[in-house]
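For the protein sequence lines, the chains are A and B, in the order given.
Residue numbers for the first sequence follow the numbering used here, beginning at 1 and rising by one.
Residue numbers for the second sequence follow the numbering used here, beginning at 1001 and rising by one.
The hints are simulated quantities; they were obtained by calculation from the structure and are not laboratory data.
A virtual CB, placed ideally from N, CA and C, is assigned to each residue, including glycine.
Take these hints with a grain of salt, some might be off.
[To be verified] DSSO-like cross-link-like pairs, simulated, lysine-lysine; straight-line CA separation at most 30 Å:
| # | chain 1 | residue 1 | chain 2 | residue 2 |
| --- | --- | --- | --- | --- |
| 1 | A | K439 | B | K1329 |
| 2 | A | K157 | B | K1329 |
| 3 | B | K1022 | A | K17 |
| 4 | A | K94 | A | K27 |
| 5 | B | K1320 | A | K431 |
| 6 | A | K51 | A | K5 |
| 7 | B | K1022 | A | K5 |
| 8 | A | K23 | B | K1015 |
| 9 | A | K400 | B | K1015 |
[Claimed, not checked] Just some of the chain A residues that point at chain B, by a computed CB distance under 10 Å:
| # | residue |
| --- | --- |
| 10 | V355 |
| 11 | E364 |
| 12 | C371 |
| 13 | D376 |
[To be verified] Chain B side only, calculated, beta carbon under 8 Å to chain A, not exhaustive:
| # | residue |
| --- | --- |
| 14 | K1015 |
| 15 | V1018 |
| 16 | P1044 |
| 17 | K1045 |
| 18 | L1048 |
| 19 | G1117 |
| 20 | L1118 |
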Amino acid sequence: MMIGKLFHGGIHPPTFKELTAQKPIKKFPSPEKVYLPLLQHTGTPLQPLVKKGDMVKRGQKIADVDAFVTAPLHSPIAGKVLGIEEWPHPTRGKFGAIVIENNGSQDDEINGVLSQEEMEGMDPKSIQNWIREGGFVGLGGAAFPTHVKVSPPSGKKIDTLLINGAECEPFITCDHRVMMERTDFILSGAYLLARACGAQKIIFGIEKNKPDCIEKITGSIHNIPLPTQVSPLPVLYPQGSEKHLILTILGKEVPPGGLPLDVQVVVSNVQTAWAIGRNAQEGIPLIERVITLTGDSLTNQENLDVPIGARLLDLVNYCGGFQVSPEKTIMGGPMTGIAQVTLEVPVVKGTSGFVFLRKNITKEEYSCIRCGQCVDHCPMYLLPTDLVRYAEHGDFEEAKKQRALDCIECGSCSYVCPAGIPITHYIKIAKAEILLRAKKGGK
Amino acid sequence: MAELRFFQTPAPHLKSPVSVPKIMFMVVVALIPATIWGIYFFGPKLTLPPLIICILSCLFFEWLDCKIFKKPVTIRDGSALVTGLLLGLSLPPGSPFWIAIAGGGIAIILGKQMFGGLGQNIFNPALVGRAVLLISWPKVMTSWYAKAPFAFPTIDQGLATMPQGVDAVTTPTALTLTKEYGFQVLSQFEPRLLWRLFVGTVPGSIGETSVLLLLIGYFLLLGLGIVKWDVPLFFLFGLSCIALITGQNPIYHLFAGGAVIGDCFMANDYTTSPLSFKGRIIFGFGAGAITCIIRILGGYPEGVTFGILVMNAVVPLLDKLLPRRFGVKQS
Chain A
1 MMIGKLFHGG
11 IHPPTFKELT
21 AQKPIKKFPS
31 PEKVYLPLLQ
41 HTGTPLQPLV
51 KKGDMVKRGQ
61 KIADVDAFVT
71 APLHSPIAGK
81 VLGIEEWPHP
91 TRGKFGAIVI
101 ENNGSQDDEI
111 NGVLSQEEME
121 GMDPKSIQNW
131 IREGGFVGLG
141 GAAFPTHVKV
151 SPPSGKKIDT
161 LLINGAECEP
171 FITCDHRVMM
181 ERTDFILSGA
191 YLLARACGAQ
201 KIIFGIEKNK
211 PDCIEKITGS
221 IHNIPLPTQV
231 SPLPVLYPQG
241 SEKHLILTIL
251 GKEVPPGGLP
261 LDVQVVVSNV
271 QTAWAIGRNA
281 QEGIPLIERV
291 ITLTGDSLTN
301 QENLDVPIGA
311 RLLDLVNYCG
321 GFQVSPEKTI
331 MGGPMTGIAQ
341 VTLEVPVVKG
351 TSGFVFLRKN
361 ITKEEYSCIR
371 CGQCVDHCPM
381 YLLPTDLVRY
391 AEHGDFEEAK
401 KQRALDCIEC
411 GSCSYVCPAG
421 IPITHYIKIA
431 KAEILLRAKK
441 GGK
Chain B
1001 MAELRFFQTP
1011 APHLKSPVSV
1021 PKIMFMVVVA
1031 LIPATIWGIY
1041 FFGPKLTLPP
1051 LIICILSCLF
1061 FEWLDCKIFK
1071 KPVTIRDGSA
1081 LVTGLLLGLS
1091 LPPGSPFWIA
1101 IAGGGIAIIL
1111 GKQMFGGLGQ
1121 NIFNPALVGR
1131 AVLLISWPKV
1141 MTSWYAKAPF
1151 AFPTIDQGLA
1161 TMPQGVDAVT
1171 TPTALTLTKE
1181 YGFQVLSQFE
1191 PRLLWRLFVG
1201 TVPGSIGETS
1211 VLLLLIGYFL
1221 LLGLGIVKWD
1231 VPLFFLFGLS
1241 CIALITGQNP
1251 IYHLFAGGAV
1261 IGDCFMANDY
1271 TTSPLSFKGR
1281 IIFGFGAGAI
1291 TCIIRILGGY
1301 PEGVTFGILV
1311 MNAVVPLLDK
1321 LLPRRFGVKQ
1331 S
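Model the full structure from these sequences, guided by the hints.
Quick look at the structure:
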């Protein structure tokens, strides 16, 4: 079922998914130490609830803050708090992190398991609270707190919950494997999310390059007590972008600066649904997730079920180390992911995987020849090359007028540019500057 | 492993294999069929010197400009080669060497480097070169040669006498004759005119004669995704509209003169055409329409050069036309 339409632009980068798409998820053994940054989500940083020397259980809440847009943190292992120190962070340079040493015990703090009746009995408000207490954020990469997403402001009605299984980033296959191997939890998680936001129906969006997932989910959606469908999506990057997923499946466009809820939709990543379903059925908050470790420099490419806070170096060693030292290490997919400085960084909630590239792919830079490739491939109808010019000249007023803030930073323009110009990067700079000035102007 | 060092560059970390020199190279490849035809049809003696001198002149002046203004030498991007080839193809066969040298210098220095080099120029460099040559040395730029069997009778001889012999003789082009006698008279005189224009057995500039071979090159580029269809299509549309309004044969105007080479390879030039689809429609239509208006009403028999240059000047304005906005209903 697809009543929407193909979006404008987009690209077909090589996917490299064959490296890991058929590899079953392996459980990464409990590490000796975990490093848990106090900021793993979009929103307010957390305050630790534990101090050096405290003993913690697996699943115990160890950090929280009195704010709405935030997500509490739970310990993924049982052990002793070694301290709270500055530690390398995959997106923030360094950030305060709780370091916990594993004491090898199986001391679990299990939250209450929800029975089917309890799920039916909870009202949306209490489901939202229950999601917040589990520390759930979007596991697709942006790490936006899930309870905020499913709490529409009064007056806004939600009719559809979209479960995003597009996984359009090259290399990354964690959602693919979760859909294949952990279907049951996905279904109960999706149902809870729909209940929380008041959606009347659920649609799974899955790219057609994962026919096994489409078949698997289609075969089991009758277990959800709400009208549920699977929508096979065309294989086109950035299909997994929220706005483009909604356009393709429902034919609705989210207004500029707006959110999916402006078109009565909530979108959630498929692995987020899995984690929530797991919490309902096993009482385990968001302390583990599935990530993909891949790239041509790694000895064995794997899909791993890892605790949040596991150090990248330990994961690399588990995968047999490097065949060839990588020139570049990326957290996330290669289109939007962030280049890493060190292997000391931990897995955070928003980590979908790490890609290790033997060769850093570069292109010689020329001046813009105005070929218009960026314009043709921009899924947001922007004129990216003009935005680069405004950013270069520091004309951020004009950049704003030319809709720089509409940019979803998918990277399609930089990918196609024959002159090798880092267009997306320039637009990101312009966006940051525009937002900064708006903040200053507001004060 | 602690000593591992990684590249720190912004996303995206994948890049398509297309690059500026590759694009320029493919444009040259696309022009090769028409170039070879020009050399064969007019003879190497009349065509090779202008072509080669034009290309060398463009490369030399680009190098010279970069040296004088102490900039990195940009010859390797291939754009001067494309400009040189296009300019050479738009010269009449038998053009003297100094025309080719002057044309190359004007095209590169005045047409491109003065604006800041590749991608910064407002006007198509090859056309700037050609326009200056046409205005400065109109006699040289409108003296056409062709092998006698393919030449047209000159105007002062009337249409009665056909050129004799096998050597190259001076000849008017089809457009010059049309200007003088009208298409009706010309097509009665030469019933196979449209066919000859299509395959390229007519007098004209070195590379403009064969519509067929130029289109083969264009469709190669189109198939490779290097060029777009919008500007050429609307150029033809604009040209045909004016032709139809004034009661002329639109097919003839599409095939004659430099319409196809100008349309597919010069109007469609990246740098000097608008970015947005809306802008490109107006640009293409306008260039085609002005070309035809000059042909019918203007002092020159051919209008492609000025048609495109005039619309080049409007591009910065047309670039203010943004595409529709995502999430906003079109009114």
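So, going through the hints one by one against the coordinates:
1. A:K439 / B:K1329: holds, 29 Å
2. A:K157 / B:K1329: holds, 21 Å
3. B:K1022 / A:K17: holds, 28 Å
4. A:K94 / A:K27: Given that 30 Å is the threshold and the Cα spacing comes to 28 Å, the pair holds.
5. B:K1320 / A:K431: holds, 20 Å
6. A:K51 / A:K5: violated, 53 Å
7. B:K1022 / A:K5: Roughly 34 Å separates the two Cα atoms, so the pair is violated.
8. A:K23 / B:K1015: Holds, at roughly 27 Å.
9. A:K400 / B:K1015: Within the cut-off at roughly 27 Å; holds.
10. V355: holds, 8 Å
11. E364: holds, 7 Å
12. C371: It holds, given that the least Cβ distance between C371 of chain A and chain B is near 4 Å, below 10 Å.
13. D376: holds, 8 Å
14. K1015: Nearest chain A Cβ about 5 Å off; hint holds.
15. V1018: holds, 5 Å
16. P1044: violated, 33 Å
17. K1045: Where the cut-off is 8 Å and the nearest Cβ of chain A is about 36 Å from K1045 of chain B, the hint is violated.
18. L1048: violated, 29 Å
19. G1117: Interface hint status for G1117 of chain B: holds (7 Å vs cutoff 8 Å).
20. L1118: Holds, because the Cβ-Cβ distance from L1118 of chain B to chain A comes to roughly 5 Å (cut-off 8 Å).
Hint compliance for this structure: hints 6, 7, 16, 17, 18 are not met, and every other hint is.
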